[in-house]
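Colleague: First to last, the sequence lines map onto chains A and B.
Per this note's numbering, the very first residue in the first sequence carries number 4; after that it's consecutive.
Per this note's numbering, the very first residue in the second sequence carries number 4; after that it's consecutive.
These are calculated hints, taken from the structure and not from any lab test.
Glycine included, C-beta positions come from ideal geometry on N, C-alpha and C.
Errors might be hidden in some of the hints.
Stated by the list, open to error - Listed below are the simulated SDA-like cross-link pairs for lysine to any residue, each with C-alpha atoms no more than 20 Å apart in a straight line:
#1 Lys22/A x Asn368/A
#2 Lys22/A x Ala396/A
#3 Lys22/B x Leu373/B
#4 Lys22/B x Arg33/B
#5 Lys22/A x Gly285/A
#6 Lys22/B x Phe68/B
#7 Lys22/A x Arg33/B
#8 Lys22/B x Thr290/B
#9 Lys22/A x Pro129/B
#10 Lys22/A x Val54/A
#11 Lys22/B x Lys403/A
#12 Lys403/B x Ala340/B
#13 Lys22/A x Lys403/A
#14 Lys22/B x Val130/A
#15 Lys22/A x Val130/B
As the list claims (entries may be wrong) - Not close to chain B: a few residues of chain A, all C-beta gaps over 10 Å, as computed:
#16 Thr37
#17 Pro40
#18 Gly52
#19 Thr89
#20 Val119
#21 Arg175
#22 Ala210
#23 Leu225
#24 Ala228
#25 Ala231
#26 Leu303
#27 Gly375
#28 Lys403
So the chains spell out like this:
Protein chains: 2
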Amino acid sequence: MGRHSAHPEESVGGGTIQKATVEEHAALIRSLVTVEPRVETLSLADALGRVTANAVPSPVDLPLFRNSQMDGFAVRAVDLLMVPVTLPVAGAIPASAATPPPLVGATAVRIMTGAVIPDGADAIVPVEDTVASDGSVTITRTRVAGDYVRERGSDLRAGDPLLPAGVRLGSRHLAVIAAAGLSTVDVRAKTRVAIITTGAELIAPGAAPLPGQIFDANVVALVAAVSAAGAAVSYTARVTDRSEEMRAALTEACAAADIVVTSGGISMGDYEVVRETLEPLGATVTTIAMQPGGPQATALIDGVPVLSFPGNPVSTQVSFELFLAPILRQLSGTPAAVRERRVLAVDVTSTEGKRQFLRGRALPNGGVELVGGASSHLVAGLAASDLLIDIPAETSRLTKGDTVETLIL
Amino acid sequence: MGRHSAHPEESVGGGTIQKATVEEHAALIRSLVTVEPRVETLSLADALGRVTANAVPSPVDLPLFRNSQMDGFAVRAVDLLMVPVTLPVAGAIPASAATPPPLVGATAVRIMTGAVIPDGADAIVPVEDTVASDGSVTITRTRVAGDYVRERGSDLRAGDPLLPAGVRLGSRHLAVIAAAGLSTVDVRAKTRVAIITTGAELIAPGAAPLPGQIFDANVVALVAAVSAAGAAVSYTARVTDRSEEMRAALTEACAAADIVVTSGGISMGDYEVVRETLEPLGATVTTIAMQPGGPQATALIDGVPVLSFPGNPVSTQVSFELFLAPILRQLSGTPAAVRERRVLAVDVTSTEGKRQFLRGRALPNGGVELVGGASSHLVAGLAASDLLIDIPAETSRLTKGDTVETLIL
């Protein structure tokens, strides 16, 4: 039972239902989900938003070579001690030039931004400080050695890290990898999540429902939530209430994924396919002191953690948000969900002994209002909300003006 | 010249260089970028993070039918006025059942969560409040009509909007669309951006550089930045300093995109391919009073706005962040970049008359430190920073402890 407090509550079939708090269940799931970090190599075009697996050492100095910061003239600073001075112009160096010939003393070479500075030159005179005439240039300002010179390696030395490990790659990070000549980067592989939705009444959105059938919103919600948490969906299945069908899907799911999530079939009714299939495999079936999302199960099958959430769409989504999203976000380097304290705009009653996650909407003045009811089938209410209001288990009544903790969706 | 203040500064070739502030240039670009909104229809699996083009009316009531909130027994409340009461059990209704037969008075029907409630029944008794025996059930609590009944349409009525227009689709939004039986959603099409990087010295990352060549970091940075802003890259090209090559790429880019971005070839040197190509086409070439990123141009070619940023990688990226990213984020419904006021941990000097965007790093105590120097080739310094420090043009000196505005990257 891991860190659960073992209070047997009810006996159902051969199994024992345990009771747990949200924190205890979250800790149990954290102890089960021990995903081995894997590395994958991606092209830079595919790596946006991914996280560096290791520090990325630079194979080169940056800049690659000593080059000009300005369009102007490469000179020796010593030739400009008295200005104005007119120097013969010994050629021009575009940015694309190969190694130019060395600068001979008391001459100037026309040079473009980014071009290789010839040996012998030690300063660049910006074109604004010059007057060019046929074959020579008159320079009106003195310069000291190093002016407008970008030294090789002045940004970064070969061997220094372009980026440390654990950086979530944005455009500026990908740019420095490219600038150092690398076309790929090693990133943390995405955690692979399998999704099994259950219920003989479920049909795919877009199909025509018979009486008693409903559209499976859970697979759509879980696929999107897994992606939004920076993980990858590696398997989905929808199964009815036949245990052999569930067993087959579980085997495939565990072969394809690091974590398996199921929805439905876990409560106190008959035809509870997840409970019936998982209990003989050693699952822990738990009643969490929370609403929505009370009945839950966890198992380790073929070494893969299986998290079973209840099937009402709001219960499924709130369970995912509380128990799996934080883990997936951490694994993928996605920022954690934000918690904010807000002031209730209405009175709220809550079931004592159960932690409630009510759907709410932020108000501009730091307030929060309720959206829809507390029932776990209110999928439109959840869609219209932008946060969950977290009411502690010991609280049965809050009044307008009380401060509550909220979890931003 | 649009909203530019027309202060001719320099004559170069046949063109006139204009001076503008960051705000003036941003306003000019906003006036040029008038992207027609387009709609595309996506499967729910592809729509995460996209923005609804229109309100999405529900084709059905939610719930689709009157169903049970609990596993238990469907009854008439009137039969429970005196408890305990024992009623004969007239069958069972799984969640997947078709329309069940009506309830005959003074009987109970076993029912599962989500199952169709038979006509005649008006309350559900949770299984916890019952004791079942062979063919009958003893109920220990009274109920009123409506208890644990989910009425058809109690979440949402057919015709009501599942979602309003302009919602950025998260998992809970996709869930409600699926629950209503829809398998697709109309979203705003992504703005298509073409990217042309210029410079005869540029080679692709991964290639072997000859002396004087550098790796093109700008295409990688711009592709990633466009994607991060919620737009789509529809064309990329890398051109040298030949104007006919640039003209051909521009024609292709304008045919393929809503907005064209170029980098490089826009400053005061020779071989400035973007300026040379765009000026005869009526481009506005501008010097913005900012560092990095001074030389800029805008044009309208084949009706498509062309934004030309300078080619130093830091200049390109800062220009994108200031001038195009806000527009693309707004078009895609991506949250705007955050601005924060922070306290300088060091003294800072700045060029008076030019607004500076220095690279910095946030400190935990609300402070900010500088990262690397101000020069626009310091691509590693930009990668190591997490914000830009915005120093006003009129400021030449700030001291440790002064408050500055920062733009979070």
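Colleague: With reference to the structure, classify each hint as holding or not holding.
Modeller: To see whether the hints hold, each was checked on the structure:
1. Restraint check for Lys22/A and Asn368/A: the C-alpha separation of about 38 Å exceeds 20 Å, so the hint is violated.
2. Only pairs whose Cα atoms come within 20 Å are accepted, and Lys22/A paired with Ala396/A is accepted, the gap being roughly 13 Å.
3. At most 20 Å may separate the alpha-carbon atoms for a hinted pair to count; Lys22/B and Leu373/B exceed this at roughly 28 Å.
4. For the hint linking Lys22/B to Arg33/B, the alpha-carbon distance of about 17 Å falls within 20 Å, and the restraint holds.
5. Among the hinted pairs, Lys22/A with Gly285/A is consistent with the structure: their alpha-carbon atoms are about 17 Å apart, no more than 20 Å.
6. Under the criterion of a C-alpha separation no larger than 20 Å, the hint pairing Lys22/B with Phe68/B is inconsistent with the structure, at around 67 Å.
7. Between Lys22/A and Arg33/B, the direct Cα distance comes to roughly 58 Å. Violation of the 20 Å bound is thereby established for this hinted pair.
8. For the hint pairing Lys22/B with Thr290/B, the CA-to-CA distance comes to about 5 Å; that is within 20 Å, so the pair holds.
9. A threshold of 20 Å between alpha carbons decides the hint, and for Lys22/A with Pro129/B the separation of about 19 Å falls inside it, so the pair holds.
10. A hinted pair counts as satisfied when its Cα atoms are at most 20 Å apart, and Lys22/A with Val54/A does not qualify at roughly 37 Å.
11. Taking the CA atoms of Lys22/B and Lys403/A, the gap is near 56 Å; set against the 20 Å cutoff, the hint is violated.
12. Taking the CA atoms of Lys403/B and Ala340/B, the gap is about 25 Å. The hint is violated against a cut of 20 Å.
13. For a cut-off of 20 Å, the pair hint linking Lys22/A to Lys403/A is broken: about 31 Å separates their Cα positions.
14. A C-alpha spacing of about 18 Å is found between Lys22/B and Val130/A, which places the hinted pair at or below 20 Å, so the restraint holds.
15. With a C-alpha separation of about 18 Å, the suggested pairing of Lys22/A with Val130/B holds against the 20 Å cut-off.
16. For Thr37/A, the condition that its CB be more than 10 Å from all CB atoms of chain B holds, with the nearest at approximately 25 Å.
17. For Pro40/A, the condition that its CB be more than 10 Å from all CB atoms of chain B holds, with the nearest at approximately 23 Å.
18. With a cut of 10 Å on Cβ distances, Gly52/A falls inside the contact zone with chain B, its closest approach being about 8 Å.
19. With a minimum CB-CB distance of about 20 Å to chain B, Thr89/A clears the 10 Å threshold, and the non-interface call stands.
20. With a cut of 10 Å on Cβ distances, Val119/A falls inside the contact zone with chain B, its closest approach being about 5 Å.
21. Annotated as non-interface, Arg175/A brings its C-beta within 10 Å of a C-beta of chain B; the closest such distance is 5 Å.
22. Not every Cβ of chain B is farther than 10 Å from the Cβ of Ala210/A; the closest lies at roughly 8 Å, contradicting the non-interface assignment.
23. The non-interface label for Leu225/A is inconsistent with chain B: the shortest C-beta to C-beta separation is roughly 7 Å, within 10 Å.
24. Separation of Ala228/A from chain B is inadequate, the least Cβ-Cβ distance of about 4 Å not exceeding the 10 Å criterion.
25. Non-interface call for Ala231/A relative to chain B: violated, since the shortest CB-CB distance, roughly 6 Å, does not exceed 10 Å.
26. The Cβ of Leu303/A sits about 26 Å from the closest Cβ of chain B, beyond the 10 Å cut-off, so the non-interface label holds.
27. Listed as outside the interface, Gly375/A is inconsistent with that label: its C-beta sits roughly 7 Å from the nearest C-beta of chain B, within the 10 Å cut-off.
28. Every beta carbon of chain B lies more than 10 Å from that of Lys403/A, the smallest distance being close to 25 Å; the non-interface claim holds.
Comparing the model with each earlier hint shows violations of hints 1, 3, 6, 7, 10, 11, 12, 13, 18, 20, 21, 22, 23, 24, 25, 27; every other hint is respected.
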